[in-house]
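Read in order, the letters of the sequence shown are residues 1 to 140 in our numbering.
You may find that some hints are simply not true.
What the hints assert, rightly or not - DSSO-like cross-link-like pairs, simulated, lysine-lysine; straight-line CA separation at most 27 Å:
1) Lys98 - Lys45
2) Lys60 - Lys98
3) Lys98 - Lys116
4) Lys116 - Lys45
Unchecked claim - Ranges of calculated distance between the beta carbons of each label pair, as one might list FRET restraints:
5) Glu96 - Glu40: 16 to 26 Å
6) Pro136 - Glu3: 19 to 29 Å
7) Tyr59 - Asp22: 16 to 26 Å
8) Asp71 - Gly135: 37 to 47 Å
9) Leu104 - Ala57: 17 to 27 Å
10) Glu75 - Pro136: 17 to 27 Å
11) Glu40 - Glu86: 19 to 29 Å
12) Ala57 - Glu14: 19 to 29 Å
13) Asp65 - Glu92: 23 to 33 Å
If you're looking for bench data, these hints aren't it; they were derived computationally from the structure.
Given the structure is predicted, the values throughout are model-derived calculations rather than measurements.
Even glycine gets a Cβ: it sits at the ideal position worked out from N, Cα and C.
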Amino acid sequence: MRETTEALLTRYFEAFNAGDTDGMLALVADDLRHDVNQGETRLGKEAFTEFNAHMTACYKERLSDLVLMTDATGERASAEFIVHGEYLRTDEGLPEAKGQTYCLPAGTFFEVSQGKIQRITTYYNLSDWIVQVVGPDGDY
Numbered sequence: 001m002r003e004t005t006e007a008l009l010t011r012y013f014e015a016f017n018a019g020d021t022d023g024m025l026a027l028v029a030d031d032l033r034h035d036v037n038q039g040e041t042r043l044g045k046e047a048f049t050e051f052n053a054h055m056t057a058c059y060k061e062r063l064s065d066l067v068l069m070t071d072a073t074g075e076r077a078s079a080e081f082i083v084h085g086e087y088l089r090t091d092e093g094l095p096e097a098k099g100q101t102y103c104l105p106a107g108t109f110f111e112v113s114q115g116k117i118q119r120i121t122t123y124y125n126l127s128d129w130i131v132q133v134v135g136p137d138g139d140y
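Throw the hints in and build the complete structure from the sequences for me.
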């Protein structure tokens, strides 16, 4: 079970890095629970689709240094990685986008059931991201 989960998550992150939203969607459950750092919980594949469209419009990101960890059952897993990004379009409530680049560590927790990703919970340091896009003395 563990190997199956690792393969599933590897495909998920490969699709992410390829900008293949449809590939990501194929791997998640219809009733997906999606939690993002300091944001609201989104329920369902449709909400996840809308989130991905928004992210694609505002950010261009690639992940590196991926480390996957899976429990013995394959039902729970986590990933640690580095996000390399470019801030393309101003996201509501955040600093103005001017094509700034950023690089920050992040992590995601997963629940897997019946060969699909059931939950995605992502964490990163938003304060670090803000300093990278506006500078240490910047206001927004």
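Taking the hints in turn, this is what the structure says about them:
1. This hinted pair does not check out: Lys98 and Lys45 have alpha carbons roughly 31 Å apart, beyond 27 Å.
2. For the given pair, Lys60 sits about 13 Å from Lys98 by alpha-carbon distance, which is consistent with the 27 Å threshold.
3. Pair hint Lys98 plus Lys116 does not hold up; C-alpha atoms about 37 Å apart against a cutoff of 27 Å.
4. This hinted pair checks out: Lys116 and Lys45 have alpha carbons roughly 12 Å apart, not beyond 27 Å.
5. A hinted range of 16 to 26 Å holds for the C-beta pair Glu96 and Glu40, which are about 23 Å apart.
6. For the hinted restraint 19 to 29 Å between Pro136 and Glu3, the CB-CB distance of approximately 44 Å leaves it violated.
7. For the hinted restraint 16 to 26 Å between Tyr59 and Asp22, the CB-CB distance of approximately 18 Å keeps it satisfied.
8. Our hint of 37 to 47 Å for Asp71 and Gly135 holds, since their Cβ atoms are close to 41 Å apart.
9. Separated by about 20 Å at the C-beta atoms, Leu104 and Ala57 satisfy the suggested range of 17 to 27 Å.
10. Glu75 and Pro136 have their C-beta atoms about 42 Å apart, which leaves the hinted 17 to 27 Å range violated.
11. The beta-carbon spacing between Glu40 and Glu86, approximately 25 Å, falls within the hinted interval of 19 to 29 Å.
12. For Ala57 and Glu14, the hinted distance range of 19 to 29 Å is satisfied, since their beta carbons lie about 22 Å from each other.
13. Separated by about 30 Å at the C-beta atoms, Asp65 and Glu92 satisfy the suggested range of 23 to 33 Å.
When each numbered hint is compared with the structure, violations occur for hints 1, 3, 6 and 10.
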